[in-house]
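What follows is each chain in one-letter form.
Number of protein chains: 2
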Amino acid sequence: MAGGLTIGQAAAFAGVTIKTVRHYHRLGLVAEPERDTSGYRRYRSTDLLRLVQVRTLAGAGVPLAEIGDLLDTDPETFAGALDDVRRRLTERIEDLTARRDTLHRLAHGDRALLPDRACAVLERLADLGFSPDYVAGQREGLVLARALIPEIFDGFLTQLEHRLADPGFVALTKRGWDARSWDPDDPRIEELASALADKLLADRALLAVPTGFRNRADAASRYGVVNHHREDQGPSIARLNTLVEAKLRAAGIDFPHR
Amino acid sequence: MAGGLTIGQAAAFAGVTIKTVRHYHRLGLVAEPERDTSGYRRYRSTDLLRLVQVRTLAGAGVPLAEIGDLLDTDPETFAGALDDVRRRLTERIEDLTARRDTLHRLAHGDRALLPDRACAVLERLADLGFSPDYVAGQREGLVLARALIPEIFDGFLTQLEHRLADPGFVALTKRGWDARSWDPDDPRIEELASALADKLLADRALLAVPTGFRNRADAASRYGVVNHHREDQGPSIARLNTLVEAKLRAAGIDFPHR
DNA sequence: CGTCCACCCTGACCTAAGGTCAAGGTCAAG
DNA sequence: CTTGACCTTGACCTTAGGTCAGGGTGGACG
Numbered sequence: 001m002a003g004g005l006t007i008g009q010a011a012a013f014a015g016v017t018i019k020t021v022r023h024y025h026r027l028g029l030v031a032e033p034e035r036d037t038s039g040y041r042r043y044r045s046t047d048l049l050r051l052v053q054v055r056t057l058a059g060a061g062v063p064l065a066e067i068g069d070l071l072d073t074d075p076e077t078f079a080g081a082l083d084d085v086r087r088r089l090t091e092r093i094e095d096l097t098a099r100r101d102t103l104h105r106l107a108h109g110d111r112a113l114l115p116d117r118a119c120a121v122l123e124r125l126a127d128l129g130f131s132p133d134y135v136a137g138q139r140e141g142l143v144l145a146r147a148l149i150p151e152i153f154d155g156f157l158t159q160l161e162h163r164l165a166d167p168g169f170v171a172l173t174k175r176g177w178d179a180r181s182w183d184p185d186d187p188r189i190e191e192l193a194s195a196l197a198d199k200l201l202a203d204r205a206l207l208a209v210p211t212g213f214r215n216r217a218d219a220a221s222r223y224g225v226v227n228h229h230r231e232d233q234g235p236s237i238a239r240l241n242t243l244v245e246a247k248l249r250a251a252g253i254d255f256p257h258r
Numbered sequence: 259m260a261g262g263l264t265i266g267q268a269a270a271f272a273g274v275t276i277k278t279v280r281h282y283h284r285l286g287l288v289a290e291p292e293r294d295t296s297g298y299r300r301y302r303s304t305d306l307l308r309l310v311q312v313r314t315l316a317g318a319g320v321p322l323a324e325i326g327d328l329l330d331t332d333p334e335t336f337a338g339a340l341d342d343v344r345r346r347l348t349e350r351i352e353d354l355t356a357r358r359d360t361l362h363r364l365a366h367g368d369r370a371l372l373p374d375r376a377c378a379v380l381e382r383l384a385d386l387g388f389s390p391d392y393v394a395g396q397r398e399g400l401v402l403a404r405a406l407i408p409e410i411f412d413g414f415l416t417q418l419e420h421r422l423a424d425p426g427f428v429a430l431t432k433r434g435w436d437a438r439s440w441d442p443d444d445p446r447i448e449e450l451a452s453a454l455a456d457k458l459l460a461d462r463a464l465l466a467v468p469t470g471f472r473n474r475a476d477a478a479s480r481y482g483v484v485n486h487h488r489e490d491q492g493p494s495i496a497r498l499n500t501l502v503e504a505k506l507r508a509a510g511i512d513f514p515h516r
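Chains as they are written, first to last, in the numbering used here: chain A, 1 to 258; chain B, 259 to 516.
Careful, some of the hints might be misleading.
Said to hold, decoys possible - Per label pair, the in silico range of CB-to-CB distance:
no., chain 1, residue 1, chain 2, residue 2, range
1, B, D342, A, E91, 17 to 27 Å
2, A, D101, B, A478, 47 to 57 Å
3, B, L329, A, T90, 52 to 62 Å
Said to hold, decoys possible - Away from chain B, derived, C-beta distances all over 10 Å, residues of chain A:
no., residue
4, L89
5, R163
6, D166
7, V170
8, K174
9, E191
10, K199
In short, the hints are calculated from the structure, not lab data.
A virtual CB, placed ideally from N, CA and C, is assigned to each residue, including glycine.
Using the sequences and the hints given, assemble the complete structure.
Structure follows, in C-alpha cells:
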C-alpha cells in the first residue's frame with residue numbers, strides 16, 4: 001500500500017461517487033493521480049482539493065465543460081465568474097418559483113389560463129344550470145380561442161355575455177346541448193338552427209369579424225379549430241353547427257371559411 | 259389542406275419545438291393526430307389542450323415518464339399529484355438557494371470551508387509576514403485536516419496557535435519555508451530539523467494523538483495525506499519533514515505511520 | 001492455505017429531453 | 001418551373017453520470 005487515498009475514499013471525501021470521479025478524470029477536470037503497484041489510483045491532497053472545487057461548482061449547476069477553464073484562470077477572473085454563476089442560479093430559482101406558482105394556480109382553478117372576465121362567464125354558465133360537461137367544453141373552447149385567435153377573443157367574450165343575458169338564447173343553447181342525443185336527421189335540428197340563426201342575426205354587429213384578422217394567412221384554420229372544437233362529441237351537434245353557419249352566411253355574414 | 263393545425267403551428271401554440279412534439283408522440287404522452295392526404299399531422303383542439311397540459315407539467319420539472327399516468331387519472335388524484343410536484347419544486351428551490359449561498363461565501367473568503375478559529379490562525383500567519391504562498395498551502399492543509407481527520411483537528415489548531423505565540427518557533431518555521439530553495443543535501447536541513455524537533459518535544463503533551471483516532475483502520479493514510487500535503491513543492495521540504503518525523507519517533511512519540 | 005468479501009480496473013451500453021443532420025416529399029408564390 | 005418554407009422519417013449527439021460485465025487485489029477468517 002502506497003501513500004494517498006484510494007478512489008473510494010477520495011470520492012467519499014468529496015461527497016461524490018467513484019463513477020463521478022472517474023468521469024471527471026475522463027473530462028480532464030481532475031488530473032489522473034499516480035497509480036500504486038497494483039494499478040489503483042492514489043489521491044494526494046492537491047487532487048482532493050481539486051475534486052472538492054470541481055464538485056462545488058458542479059453542484060451549483062456550472063456545466064462541467066466550463067469548470068476546467070474556470071478553475072485554471074486567475075483568481076480575479078474566477079471571482080467574476082463565480083458571481084456570474086450566482087446570478088444564473090438566482091435566475092433559475094426565480095424561474096422555478098414562477099413555475100411553481102403557475103402550478104399552484106392550475107391546481108386551484110382556471111385563473112392561470114383565462115382572464116377574470118372569461119372565468120366569470122364560465123361561473124355564470126354553471127349558475128344557469130348548464131351541465132359540468134358543457135361548462136368544461138366551453139372552458140376548453142375559451143382557452144383555445146384565447147391562444148389561437150386573440151384578436152377576436154374579447155369580441156367573442158362580449159358575444160357570450162350578451163347571449164347569457166338573454167333567457168331566450170339560454171334556453172335555445174340548452175336545447176342545442178340536448179341535441180347531442182338526437183338523431184342527426186331529426187327535423188328538430190333544422191328548426192333549432194333557424195331559431196338560433198334568427199337570434200344571432202338580431203345583433204349583427206356582434207358577429208362582425210375584424211378585417212385585420214380575416215386577412216391573416218392561417219386565420220381560417222385557427223378559426224376552424226376553435227369553432228369545431230368538441231364537434232366529435234356527436235354528429236347532431238356538428239350538423240347543427242353547419243346549418244347555423246350556412247344560414248348566417250346566407251344572410252350575408254362573412255366569416256372565415258375552412 | 260384539411261382542417262386542423264400543422265405540427266409547426268401546434269408547436270408554436272404550445273410554446274415548444276416541433277421536435278419536442280414528435281418526442282411526446284413517441285413517448286405516447288400525446289396521441290398521434292390524424293394525418294391529411296399528404297401525410298402531415300393535423301392537430302385538433304383536444305390535441306392542443308393535451309399538448310399544453312403536458313408542456314405545463316414538463317416545464318415544472320415533472321419527468322415525462324410520469325406525466326402520462328398523471329394526466330390519465332381522476333381529477334382528485336391529479337390535484338394531489340400536483341401538490342406533490344409543487345412540494346418537490348419548493349425543495350429544489352431551497353436546495354439551489356443553499357448552493358448559491360455557499361458559492362457566495364466561497365467567493366468571499368474561507369469562511370465556508372473553515373471555522374473562525376482556523377481563519378484567525380491564517381490571518382495571524384499573514385500578519386507575521388509569511389508569504390501568501392505559504393499561507394495558501396497552510397489553508398489547504400487545514401481544509402484537508404478538517405475533512406480527513408476531524409477527530410484531531412482541534413488539537414491540530416491548538417498546536418498551531420501555541421507555536422505562533424513563540425517567536426523562536428516562528429523564525430524556525432520561516433527558515434523551513436526558505437529551505438525550499440536549498441539543495442536537498444544541504445547540511446543546514448539536518449540542523450534545522452534538530453532545532454524543530456527540540457522545540458516540538460518541549461511541549462510533548464501537544465503532540466499526543468488521541469487513542470480513538472490511532473485505532474481507526476484508514477487513520478494512517480488519512481494522516482499521511484494531510485501531513486505530506488504539498489511536499490511535492492520541493493525535495494528539501496520533504497527531507498526536512500522526514501528528518502523531523504524520525505527524530506520525534508526516536509524520542510518516543512507514536513503517531514500514525516504510513 | 002484456500003476462500004470470502006469488499007474494493008479496484010476497463011469498456012460498452014443506458015438514461016432524459018430533446019437537438020442536429022441528412023435525404024427526401026409537399027405546398028404556395030413568383 | 002423553380003425557390004423557399006414547411007413537412008416526413010431515421011440515425012446519431014448531448015449532459016452528467018449510472019449500470020452491467022468480466023476480471024484483478026488486498027485483507028480477514030477458518
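Next item on the list: Give me the numbers of the hints this structure contradicts, sorted from smallest to largest.
Entry: Violated hints: 3 and 4; rest satisfied.
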